[in-house]
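As they're listed, the protein sequences go chains A and B.
Numbering of the first sequence is given in my numbering, commencing with residue 1 and proceeding in unit increments.
Numbering of the second sequence is given in my numbering, commencing with residue 1001 and proceeding in unit increments.
In case anyone wonders, no lab produced these hints; they're calculated from the structure.
Using N, Cα and C, we set each Cβ at its ideal position, and we do this for glycine too.
Be aware that a few hints might be false.
If you want a taste of the chain A side facing chain B, the calculated C-beta under 10 angstroms gives, among others [unchecked claim]:
| no. | residue |
| --- | --- |
| 1 | Ala64 |
| 2 | Ala114 |
| 3 | Phe158 |
| 4 | Arg211 |
| 5 | Arg215 |
Residues of chain B clear of chain A, computed beta-carbon distances all greater than 10 angstroms [unchecked claim]:
| no. | residue |
| --- | --- |
| 6 | Gly1044 |
| 7 | Val1062 |
| 8 | Gly1078 |
| 9 | Val1089 |
| 10 | Met1136 |
| 11 | Arg1161 |
| 12 | Pro1173 |
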Amino acid sequence: MHQIGLGARLAPRLEAIGLECVRGERRLFRDVAFTLEPGTLLRVHGPNGSGKTSLLRILAGVLAPAAGEVRWSGERIGALGDEYRSELAYLGHQNAIKDDLSAVENLLVSERLAGADVSAARAREALARLGLKGFEALPTRVLSQGQKRRASLARLAFRAACGLWVLDEPFVALDAAAVNEVQAIIGDQLAAGGIVVLTTHQDVAITAPTRHDLRLGS
Amino acid sequence: MNGSIGGAFACVVQRDLLLALRRRADALNTLAFFIIVVSLFPLGVGAEPALLRAIAPGVVWVAALLASMLALQRLFAGDHADGTLEQIVLAPQPLGLIVGAKVAAHWLVSGLPLVIVAPLLGLQFGLPAESLGVLMLSLAIGTPTLGLIGAIGAALTLGLRGGGVLVSLLVLPLYIPVLIFGAGAVEAGASGVGAGAHLSLLGAFLVAALFFAPWATSIALRISLE
Chain A
1 MHQIGLGARL
11 APRLEAIGLE
21 CVRGERRLFR
31 DVAFTLEPGT
41 LLRVHGPNGS
51 GKTSLLRILA
61 GVLAPAAGEV
71 RWSGERIGAL
81 GDEYRSELAY
91 LGHQNAIKDD
101 LSAVENLLVS
111 ERLAGADVSA
121 ARAREALARL
131 GLKGFEALPT
141 RVLSQGQKRR
151 ASLARLAFRA
161 ACGLWVLDEP
171 FVALDAAAVN
181 EVQAIIGDQL
191 AAGGIVVLTT
201 HQDVAITAPT
211 RHDLRLGS
Chain B
1001 MNGSIGGAFA
1011 CVVQRDLLLA
1021 LRRRADALNT
1031 LAFFIIVVSL
1041 FPLGVGAEPA
1051 LLRAIAPGVV
1061 WVAALLASML
1071 ALQRLFAGDH
1081 ADGTLEQIVL
1091 APQPLGLIVG
1101 AKVAAHWLVS
1111 GLPLVIVAPL
1121 LGLQFGLPAE
1131 SLGVLMLSLA
1141 IGTPTLGLIG
1151 AIGAALTLGL
1161 RGGGVLVSLL
1171 VLPLYIPVLI
1181 FGAGAVEAGA
1191 SGVGAGAHLS
1201 LLGAFLVAAL
1211 FFAPWATSIA
1221 LRISLE
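One chain only, chain A, in its complex shape (with noise of 0.2 angstroms):
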């Protein structure tokens, strides 16, 4: 595009500036603001109730702060658009997995709406590598929780040209090989200089360049 002539794009920065959330009366956070530069980890935590879930839909996207706002490279997310949902990958704390479609089917949707094209082959792969070999063509309806989630999580394995993966509570549901496995996967988007904010209440082992912790709710 146009870019040139007018000084190197900013590289790929998360701002989070003075972000207030209310939901229903309550008032869940006020003033939460950071900034992410690649290759940065953001864990979010506390209790329950504190508005993970919500400041991760923020990031987003999906919900409009009370105040404040998000800025990807120093634009506002709500004025780039579809440009900053390419650059996102969101996994919400439902799994967006169809019961009536088998795990690759699911994989192979969800990727050609993200714009990627995604062979039979890879999609099939990359549900091995989270341990659903010989799952793929059931309806996933027949699956576990925790077999559920590593169909949701087999995305990531295409994402990885997103600058940005929101993760609310990755780790839910999983075993600890499978647990190993997507930390691995979010350690090598994280070298790979992506920006990656999760929440969780477990203890992350995962190597970053560069970790905050964000606490909610104290």
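Starting from the structure of chain A, add chain B where the hints point.
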């Protein structure tokens, strides 16, 4: 970019058709409802051929309208419940386009069957052959409009308790023009005036709905997800 946008449209249509295929009961329910409601009228009104012929277009149209409203609740509810809707909203594709794809798939599953069985139901009421053609055509143009308008209501009432009743209150008044000109087309055709004007107006409604509804539905979806 164009390829990816077209791809996203096709992908959503394909996904929703596949889901409908795996849950055939949902689509069949709508169709059964339509057939039963229409069939109840001759039983209630009596078997007077002239009377039945006179009320047939209105009855078929009202039943089609109620059937498509009944189906509306399925349009976004499933995607909302399992979190897929959040992913759709966050996809780097124009949301209006994805909404359009969802409505298109929805119409193929729950609207098109109504159009196809309508002539059979018309025969039940003793409609002449040329009226059957007009009835089918008016439904073919009118039901997509109902789906598009209904999508706005479905998106606005997403996740609300008692959303089903609310969606009827929101959407039924907006359905009135479509009903008037849809049923009117068949009557005008039968009375010799010609159905052309009515069908053109129905077509105009469809074009207007195609233009505005996906946009309004996208905004409603973003609000509902907050």
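Is it the case that Arg1161/B keeps its Cβ farther than 10 angstroms from each residue Cβ in chain A?
-> holds (15 angstroms)
Evaluate the condition: distance from the CB of Val1089/B to the nearest CB of chain A exceeds 10 angstroms.
-> violated (7 angstroms)
May I ask you to check that Gly1044/B keeps its beta-carbon over 10 angstroms from the closest beta-carbon of chain A?
-> holds (38 angstroms)
Hey, does the Ala64/A contact hint survive, CB to chain B under 10 angstroms?
-> holds (6 angstroms)
Would the stated hint for Ala114/A survive a check requiring a Cβ distance to chain B of less than 10 angstroms?
-> Because about 6 angstroms separates Ala114/A from the closest Cβ in chain B, which is inside the 10 angstroms limit, the hint holds.
Could you let me know if the closest chain A CB is still more than 10 angstroms away from the CB of Val1062/B?
-> Its Cβ never comes within 10 angstroms of chain A, the nearest being 32 angstroms, so this holds.
Per the stated criterion, does the least C-beta distance between Gly1078/B and chain A lie above 10 angstroms, as a non-interface residue requires?
-> violated (8 angstroms)
Hint check, Phe158/A versus chain B [nearest Cβ-Cβ separation less than 10 angstroms] = Hint violated; Phe158/A Cβ to chain B Cβ min 13 angstroms, cut 10 angstroms.
Is the hint on Arg211/A kept, meaning its closest Cβ partner in chain B is under 10 angstroms away?
-> Status violated, d = 25 angstroms.
Does the claim that Met1136/B lies off the interface hold, with its Cβ farther than 10 angstroms from every Cβ of chain A?
-> The assertion about Met1136/B holds, with a minimum of 31 angstroms to chain A.
Whether Pro1173/B stays farther than 10 angstroms from all C-beta atoms of chain A, as the label says = Given that every Cβ of chain A is farther than 10 angstroms from that of Pro1173/B, nearest at about 30 angstroms, it holds.
Using Cβ atoms only, decide whether Arg215/A comes closer than 10 angstroms to chain B, and label the hint accordingly.
-> Where the cut-off is 10 angstroms and the nearest Cβ of chain B is about 25 angstroms from Arg215/A, the hint is violated.
Going down the numbered hints, you'll see the structure goes against 3, 4, 5, 8, 9, while the others check out.
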